[in-house]
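**Q** With chain A's structure known, arrange chains B and C on it following the hints.
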Amino acid sequence: MTRDPAQTARALVLLAGGGVAAWLVILNFGALAAVAWRAEGLSALRGADWAAVRFTLVQALLSAALSVLLAIPIARALARRRFFGRGALIMLMGAPFILPTLVAVLGLLAVFGRAGLINQGLEALGLARLNIFGLQGVVLAHVFYNLPLATRILLQGWAAIPAERFRLGATLGFGPRESFRQLEWPMLRDLVPGAFLVIFLICLTSFSVALTMGGGPRATTVELAIYQAFRFDFDMGRAAMLALVQFGLCAAAGVLAWRVSLPSGLGGGMDRPVQRFDTGALGLRLWDGALIVSGALFLLVPLSLVALRGLPHVAGLPVEVWQAAGRSLLVALGATGLTLAMTLALAHAVLAVGPGRGAVLEWLGLAALAASPLVIGTGLYLMIRPLANPRDFALVVTMLVNAGMALPFALRLILPGLRDVMASQGRLADSLGLHGWARLRIVTLPRLRRPLGFAAGLTAALSMGDLGVIMLFAEREGATLPMQLYRLMTAYRLDDAAGAALVLLGFSLALFWLFDKWGRRFADA
Amino acid sequence: MRRPLYATIAALTLAGAAQADTLTVLAPDYFGSSWGPGPAIKEGFEARCDCTLDFRTGDVLPRLMLDGARLEGDVIIGLGTDELLRARQTGLFAGHGQDLSPLSVPVEWTDDVFIPFNWSYIAFVYDTTRLETPPASFAELVERDDISLIWQDPRSSGAGLALMLWVDQLYGDDALRIWENLAAKTVTVTAGWSEAYGMFTNGEADMVLSYTTSPAYHIMAEDDETKAAAIFEEGHYFTAEAAGVLAGASQPDLARDFMAYILSEEFQQMIATANWSYPSALPRDDWPEVFRDLPLPETAIFLSEDEADARRSPALAHWLDGMTR
Amino acid sequence: MLTLEAVTIRQDDFLLRAALQIAAGTRVAVIGPSGAGKSTLLGAIAGFVALTQGRIIWANTDISAQSPALRPISVLFQDNNLFPHLSAFDNVALGLRPSLRLNKAERAQVKAALVRVGLEGYEARLPSQLSGGQQSRVALARVVLQGKPLVLLDEPFSALGPALKAEMLQLVADICSETGATLLMVTHDITDARAIADQTILVADGVAEGPFETAPLLENPPEALRAYLG
Chain A
1 MTRDPAQTAR
11 ALVLLAGGGV
21 AAWLVILNFG
31 ALAAVAWRAE
41 GLSALRGADW
51 AAVRFTLVQA
61 LLSAALSVLL
71 AIPIARALAR
81 RRFFGRGALI
91 MLMGAPFILP
101 TLVAVLGLLA
111 VFGRAGLINQ
121 GLEALGLARL
131 NIFGLQGVVL
141 AHVFYNLPLA
151 TRILLQGWAA
161 IPAERFRLGA
171 TLGFGPRESF
181 RQLEWPMLRD
191 LVPGAFLVIF
201 LICLTSFSVA
211 LTMGGGPRAT
221 TVELAIYQAF
231 RFDFDMGRAA
241 MLALVQFGLC
251 AAAGVLAWRV
261 SLPSGLGGGM
271 DRPVQRFDTG
281 ALGLRLWDGA
291 LIVSGALFLL
301 VPLSLVALRG
311 LPHVAGLPVE
321 VWQAAGRSLL
331 VALGATGLTL
341 AMTLALAHAV
351 LAVGPGRGAV
361 LEWLGLAALA
371 ASPLVIGTGL
381 YLMIRPLANP
391 RDFALVVTML
401 VNAGMALPFA
411 LRLILPGLRD
421 VMASQGRLAD
431 SLGLHGWARL
441 RIVTLPRLRR
451 PLGFAAGLTA
461 ALSMGDLGVI
471 MLFAEREGAT
481 LPMQLYRLMT
491 AYRLDDAAGA
501 ALVLLGFSLA
511 LFWLFDKWGR
521 RFADA
Chain B
1 MRRPLYATIA
11 ALTLAGAAQA
21 DTLTVLAPDY
31 FGSSWGPGPA
41 IKEGFEARCD
51 CTLDFRTGDV
61 LPRLMLDGAR
71 LEGDVIIGLG
81 TDELLRARQT
91 GLFAGHGQDL
101 SPLSVPVEWT
111 DDVFIPFNWS
121 YIAFVYDTTR
131 LETPPASFAE
141 LVERDDISLI
151 WQDPRSSGAG
161 LALMLWVDQL
171 YGDDALRIWE
181 NLAAKTVTVT
191 AGWSEAYGMF
201 TNGEADMVLS
211 YTTSPAYHIM
221 AEDDETKAAA
231 IFEEGHYFTA
241 EAAGVLAGAS
251 QPDLARDFMA
261 YILSEEFQQM
271 IATANWSYPS
281 ALPRDDWPEV
291 FRDLPLPETA
301 IFLSEDEADA
311 RRSPALAHWL
321 DGMTR
Chain C
1 MLTLEAVTIR
11 QDDFLLRAAL
21 QIAAGTRVAV
31 IGPSGAGKST
41 LLGAIAGFVA
51 LTQGRIIWAN
61 TDISAQSPAL
71 RPISVLFQDN
81 NLFPHLSAFD
91 NVALGLRPSL
101 RLNKAERAQV
111 KAALVRVGLE
121 GYEARLPSQL
131 SGGQQSRVAL
141 ARVVLQGKPL
151 VLLDEPFSAL
161 GPALKAEMLQ
171 LVADICSETG
181 ATLLMVTHDI
191 TDARAIADQT
201 ILVADGVAEG
211 PFETAPLLEN
221 PPEALRAYLG
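Chains as they are written, first to last, in my numbering: chain A, 1 to 525; chain B, 1 to 325; chain C, 1 to 230.
Isolated chain A, as found in the complex:
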């Protein structure tokens, strides 16, 4: 009896998906276990640790809530207006999310800091200065970082409301208020909880930004407590315990999110403005215009200042910076390829195993957001050490870790698309005997091009700017661009560092733009 190719394909999907799931388990929990094992157990937490847990929760909740609340009107304004440069603006507005945190903070301070534009203006007017540092600063930085993500998630939601419904609304005489209640609110109720969850998880592991913008040890997060446990107290047991608490928070949030839906996409397709019939009033147009302009200013002015600060120094950068840029480019491309492969395998497996077990796999794909980079780095080091010299694998490990870290975003982008392809064309493909590689090549990949392009752009840009685990593994020949940036700073070469930051920004944006563009070409055919 010949093997049924459909069964073979299913077995392959389960095997590949299982492999990815195993890597995620190793990355998220194996590393933690290795640290705990090395520490010979977990240690109890102290009062200050619980204060850190409380602060982490408060800032993450506020940051996520504000990011999403602000994203709603901005996304709506972007969704219902067409104007010149709209696509470029949406692309550029995504930039803060892919910036290295240190660069983002310096850009933000150039506007909101004590010597920033706003305070200069207030001072010129003889007004009291604004103090950004404190909880407000932490939230501001996290909103700066995550507002673009929230906006793109919701923009996707607006694009997904069928145009026919707005047409139907128009025939029924819907004004903006009725449109909101009948058409937009149900979409928001669907998407907002998931967007909130993703951003909440991103803010959960914040460390340097929270401390710097928080103005002092009051702004101690769990991730900083983990760092302290490692480097100050040399208490790996407590570090592992804290990492476990962080996963606990992630799991709790995940269970909550199970009850509400996750965003069906992170904004893969978003350049089609929805044609509207209820938004022609002048006041409304001005309001939308004001929202778009202020959102753009908030996100783009700090970036422009980063760029301006670095521009004069790019030409004189040491050659090592460019070599490092090349190395980072390789890491980014490698991580991107790995991420896409892993995501496709996992997404196929999620759909193959059915809703219950699929949800577990989905959660596993999300869990990396709550993983402590420090624990992952140390744990992997401990795991590799008995087998080989970790320094031989610095770049490979960096790629694998970056891929694991980017997978949550890629999965959220690709899974809904894959679900759609399966629903609309799965039966046709099945009836034609399209399985395995041929199906991937002929049907799935072409149909998923748009979310794949967006996911690839996001992954490439994120891993370009990631300092991640490489410091523990790094060797002389392995310096990446973010490492060179820090090296320049620690050698007082702040001008060169500003130039390198601009190079990093440029590379990240270029990668993001290229992949996203590739995804959108012919994607509507």
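Please keep in mind that the hints were generated in silico from the structure rather than gathered at the bench. Given the structure is predicted, the values throughout are model-derived calculations rather than measurements. All residues carry an ideal CB built from backbone N, CA and C; glycine is no exception. Incorrect hints may appear among the rest.
Said to hold, decoys possible - What follows is a list of derived Cβ distance ranges for each label pair:
{"#": "1", "chain 1": "A", "residue 1": "Ala341", "chain 2": "C", "residue 2": "Gln134", "range": "33 to 39 angstroms"}
{"#": "2", "chain 1": "A", "residue 1": "Arg54", "chain 2": "B", "residue 2": "Asp309", "range": "25 to 31 angstroms"}
{"#": "3", "chain 1": "C", "residue 1": "His188", "chain 2": "A", "residue 2": "Arg181", "range": "35 to 41 angstroms"}
**A** Positioned in the frame of chain A, the structure of chains B and C alone reads:
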């Protein structure tokens, strides 16, 4: 796929052949850059040893603690004074075998495992165009209410830890009050030195916690004389970076030669401008001019490893208490 | 001969039973009220709907456990019969080689199939560049090329105008006559059934019955069919 495999085998064979005279030095990441001290040290030592010096850069102490006896290498360089106790406790070091009489550091240094190769004092650095009258003492800093500060978290930064121990030494149980007071004039506390220094140069604060040697960079590399360190009457906390020989060194003789090289005049002349710090075994009169001209604190404050270890936790408790009250 | 042997399909509170025998080479209409299970019946035969009980046998072989592509069946669904990102040529060629790697002779076969449905010169067009009728022809060209002995139509032409739909059905009928294929077509329109199908299966009240001779059935419909025809 074949060619890289052959290349790897060839490289391994070559490495094996060259292994007889390669000194492996584990060093912090900044030794890997062309503008750090790494290249000069490599060139200087290779010229006198007829060997190859191979830097392996990365986080040094974590690797020492995670790798334990598996650690491969001959010498470790770049351990901060605050890290020496932990490093020593790993038991992975052999004696350096050097005569320490050339040392010129302002504290008594009789360690037969670690040798400091450069040092500095931590200090609050300011911009002379923004702060006309810097405080002349820690007490004055505490009293002044017109000064804003940025400094580093003692839990994540060596400089921050040094500041914490400095205050602990100056004020003892009164430190709590001092931290409360400093908290009021602190713009923010950063995780690392880079963030703090970058924010200071962008004008976010009047003073930043750095080193008395920091102005030397601006003077020499940027021709900028507006950065200065405020010298406090009470004395300043001493920090140094040190090197040691690993007990498992495959090249113990070369390793000791390297330790001797660290104390040599050639190394000492080079290190000040290569790492923007004071040489550890060179009389002040022989320092590069800019360093000689920098105002030097009169009193060095320094805790022995054991004292510092004993004070870490109580001092951190005061710090946390005072800063969050 | 296609035999549905004591087939039961249960999905939540939906239940369909079928015990049928369809002679090879016949053309059979499947009619019945909406929601009665016409599409489910075809889905089960094509392999997309799992049987709760019973067997499906074609030419003395039990095909119940085979995956859709292995069954001797071509299907046209209500929609999504073409991949929107592939050219007409590729969409047809998939019926021959799922890998799309064709030799010269095979390429000629694909062209011939397109010629047979009247689409010579349209090879490079994407589905979005074709009219509804032309899209249907592309799908039919693939059925021609597949040359499978059983053809299932789940109302693929329902979006076309009456004249065009009749033309398409006639084309299907002609193709089936040429190849000797057995045809099963779901329809809501009894004139279609009358025009094309010698026999008719009635799906109503959870049971698929038949096949009956079409003309006598429609002239003297049983109770369930009468209610449906109104």
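**Q** Given a hinted range of 35 to 41 angstroms, is it respected by the beta-carbon distance of His188(C) and Arg181(A)?
**A** holds (37 angstroms)
**Q** If I claimed the Cβ atoms of Arg54(A) and Asp309(B) lie 25 to 31 angstroms apart, would that claim hold in this structure?
**A** holds (30 angstroms)
**Q** Using the beta carbons of Ala341(A) and Gln134(C), state whether their distance is inside 33 to 39 angstroms or not.
**A** Hint holds: Cβ distance 38 angstroms, inside 33 to 39 angstroms.
Violated hints: none; the structure is consistent with every hint.
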